[in-house]
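As you go down the protein sequences, you meet chains A and B in turn. Position in the first sequence counted from 1, then plus 8, gives you the numbering used here. Position in the second sequence counted from 1, then plus 8, gives you the numbering used here.
These aren't lab readings, by the way, just hints derived from the structure by calculation. One should not assume that every hint holds.
Note that identical chains are pooled: a pair holds if it fits in a single copy or bridges any two copies.
30 Å max Cα-Cα, derived DSS-like pairs, lysine-lysine [said to hold, decoys possible]:
1) 310 / 106
2) 106 / 143
3) 104 / 310
4) 249 / 219
5) 310 / 188
6) 253 / 188
7) 209 / 188
8) 77 / 249
9) 45 / 28
10) 242 / 116
All values reported here derive from a predicted model rather than from experimental measurement.
Protein chains: 2
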Amino acid sequence: MPEGTPRQDLIVGVDLGGTKILSGVFTPQLKRIATAKLSTKSERGYGAVVERIDRCIRDAVDEADVSMKQIRGIGIGAPGAVNPETGEVLFAPNLKWKDAPLKRDLEKMLGVPVFAENDCNVCTLGVHAVELDAKPQNIVGIFVGTGIGAGIFINGRLFGGFNRTAGEIGHMVLQVGGPKCGCGNRGCFEALASRTAIFRKLSDAVRDGAKSQLTELLGPGEEITDLKSGDLRKAIRKGDKLVQKVVEEASEYIGIATANVINFLNPEVIVLGGGVLDALQDDMMPLIQTTARDYAMTGTDKGIQIIASRLGDEAGITGSAVLARQGLKG
Amino acid sequence: MPEGTPRQDLIVGVDLGGTKILSGVFTPQLKRIATAKLSTKSERGYGAVVERIDRCIRDAVDEADVSMKQIRGIGIGAPGAVNPETGEVLFAPNLKWKDAPLKRDLEKMLGVPVFAENDCNVCTLGVHAVELDAKPQNIVGIFVGTGIGAGIFINGRLFGGFNRTAGEIGHMVLQVGGPKCGCGNRGCFEALASRTAIFRKLSDAVRDGAKSQLTELLGPGEEITDLKSGDLRKAIRKGDKLVQKVVEEASEYIGIATANVINFLNPEVIVLGGGVLDALQDDMMPLIQTTARDYAMTGTDKGIQIIASRLGDEAGITGSAVLARQGLKG
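With the rest of the complex left out, here is chain A (with noise of 0.2 Å):
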């Protein structure tokens, strides 16, 4: 490129939480050149969330030294249903959004391709392009953090089912008459092994009398449930036995359903990520794949891939960036 004329062809990728909202310029090649964060404040209404996305969005580009001008296309994951061909969020019960036009919004506001998604299709698909070179045809995300999430990418794109709801594995059930979960019924995975799950389990333990140091880490009026899923793995690497014993038995709720979605839908590969087990893969990975296997039917397991994704925090915003590539092109 000669010298003095800015590169045209930069992409940014937006990750929309319940709580914050995270965005990054990249390359085409999905090298990242700068980040920007803010939090979502979803109380203020569906057009505040929108502004702080513009923001959040200009903030990035700006830490960038780049302008809005040499930005291509934009994409971006949300919390929920999502409509890819209108880009609009149908529901996000996290965000209270029903029918919301959030890529007509952003366009109008920001003058840029904008491409929408689910977040945790998006995270699945930036898994796919960064850490599995595009390749198999057939992969499942599933994102275990405050909630349970997956992404379903089969026949080498994205899958959203009848009612763009596809992926809802938090869901699942795996233990009838299960703890109750927050979504009204009983046993769901999500009730079973998400971080509210887990710190919920540890919560009432302490309150029972079991003894663990996470009490230590507690600041003046904090509840175990207040803390981070990197605690957790503090209090294991100190020889915390309930600690262990609760992340264990979270792990292998993740086994088995990784084997349900083995036994079912059969993907090439299957790719664990989310908050908790970026903090506790190393503690995590090795009984969800034990359990994994165990539960697979014979046969069913052979060659499929189970492995954590390496990209943490960043899943959102990279998989949003291939969203954007990809939209631009097709």
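Fit chain B to the given chain A structure using the hints.
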């Protein structure tokens, strides 16, 4: 067609089961002309079973008053993992087959193109073609009989997965730590709601002193587990509370598994079939539907149909005929 010129466009569909072989001669419009039936006798080994399939096909052709020369193609559904490209049965535990070149051997014996697929896949294909007018792009068929399996139809075609074992929904864990399954694990869907599971529960309850009219249906030396799904319907009609309760429990598990499919894959239609459903459709479907919609996350089941197949015993031969018709076109 001028008189005297026999039609040459007929197709044969074969349903290869663990205990019996069914075959049917169809017109290209899927009108059934004749059928035949033979026991499988899998204990005699692969070669003997292939000869019996050959005989069963020739029986149906004879029954239809036509000759093999009028048959353009044969489709066959086999109980196991099948590679539809090569027509090999990769493994079929019930038949004790491994890497069996079924297509090649049948073509050698019959001199007609043969197309092979997994049995639940062909049943789903049959329902799609005959009962759903080949319209929906994404459907899942769940077949509840002695065991439980599923067929997955995505983006307008059957989906086999990486090891051609997609659809093993019978081994989806619904109740961690639940009853022992034939596969060695616990709490599988099949261990909770199959014909085998239903009769085991009834047999245990009667042994523990519960009253049931099923005992009156037993011939000398017969056990409750020797009865058929139709006997359950008769007992319910006569007001048998025990049978009603156990069938209701199975319906709830089937409803929960259906919800798991809605939450995870979100197909347009879920169709239920198999021996248990064929016999107990009226008794089970309302509870299956209510339970599935209860357990489906809000918004995920909107517009999704949960229906029972009316093809009954003929789903397999019909679907295999559809398979052959597709294969001959393609």
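Verification of the hints:
{"no.": "1", "hint": "310 / 106", "in the structure": "between (42 Å within a copy, 15 Å between copies)"}
{"no.": "2", "hint": "106 / 143", "in the structure": "between (35 Å within a copy, 29 Å between copies)"}
{"no.": "3", "hint": "104 / 310", "in the structure": "between (42 Å within a copy, 18 Å between copies)"}
{"no.": "4", "hint": "249 / 219", "in the structure": "within (9 Å within a copy, 49 Å between copies)"}
{"no.": "5", "hint": "310 / 188", "in the structure": "between (35 Å within a copy, 23 Å between copies)"}
{"no.": "6", "hint": "253 / 188", "in the structure": "both (21 Å within a copy, 24 Å between copies)"}
{"no.": "7", "hint": "209 / 188", "in the structure": "both (12 Å within a copy, 27 Å between copies)"}
{"no.": "8", "hint": "77 / 249", "in the structure": "neither (55 Å within a copy, 73 Å between copies)"}
{"no.": "9", "hint": "45 / 28", "in the structure": "within (7 Å within a copy, 63 Å between copies)"}
{"no.": "10", "hint": "242 / 116", "in the structure": "neither (46 Å within a copy, 66 Å between copies)"}
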